[in-house]
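**Q** Sequence:
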Amino acid sequence: MNFAVYAANNTAAANSHSMGLISKTVSLEVCDKVTASSFCRRRLPVLMTRSKMAPSLKDATKFVEQGHVRIGPNVVMDPAFLVTKNMEDFVTWVDRSAIKKHIANYNEEMDDFDFI
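Sequence positions in the sequence shown follow full-length UniProt numbering and run 1 to 116.
Do not take every clue at face value.
[Said to hold, decoys possible] Subject to a maximum C-alpha distance of 25 angstroms in a straight line, what follows is the list of computed SDA-like cross-link-like pairs (lysine to any residue):
1) K101 <-> D111
2) K58 <-> I99
3) K33 <-> K62
4) K100 <-> A36
[Stated by the list, open to error] Ranges of calculated distance between the beta carbons of each label pair, as one might list FRET restraints:
5) M110 <-> A36: 37 to 45 angstroms
6) K85 <-> Y106: 37 to 45 angstroms
7) A104 <-> Q66: 12 to 20 angstroms
8) D111 <-> K52: 16 to 24 angstroms
It is worth saying that the hints were derived from the structure and are not from the lab. Heads up, the beta-carbon is just placed ideally off N, CA and C, and yes, glycines get one too.
Construct all of the structure, not just a fragment, from the sequences and the given hints.
**A** Structure representation (structure tokens):
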């Protein structure tokens, strides 16, 4: 196996791993098992449901479409947005979101200054 083929195989496996499609970057054979459902599991509403930010996929999709969710500083309004492993930790509510206000009120962490 020449170096170019080896480098291409490692790059494809590493990219699939960083997107969260495969669990380990062992070899290119693992990339063969990536299916359409692997991509669907990386969509924003699915991750919101899995992390208990929303009770159902339908509600999570509605929250995203209405602009209640951000990833880092960017508001995401596309429910088909694919979330990589690196971005998973930055999924949160928009600062002025009514959902965030309701959660803070329920947890008795309400600070009126944050919601002015």
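**Q** None of the hints should be skipped; say for each whether it holds.
**A** Cross-check of the supplied hints:
The suggested pairing of K101 with D111 holds, with an alpha-carbon distance near 9 angstroms, which does not exceed 25 angstroms. Restraint check for K58 and I99: satisfied, since their Cα atoms lie roughly 15 angstroms apart, inside the 25 angstroms limit. Proximity of K33 to K62 is assessed by CA-CA distance (about 31 angstroms); at most 25 angstroms being required, the pair is judged violated. For a cut-off of 25 angstroms, the pair hint linking K100 to A36 is broken: about 32 angstroms separates their Cα positions.
The hinted window of 37 to 45 angstroms between M110 and A36 holds, with their beta carbons roughly 42 angstroms apart. Taking 37 to 45 angstroms as the suggested C-beta distance range, the pair K85 and Y106 does not conform, at roughly 30 angstroms. As the Cβ distance of A104 to Q66 is approximately 18 angstroms, the hint placing it in 12 to 20 angstroms holds. Checked against the given bound of 16 to 24 angstroms, the beta carbons of D111 and K52, roughly 23 angstroms apart, stay inside it.
When the structure is compared with the earlier hints, violations turn up for hints 3, 4, 6 and for no others.
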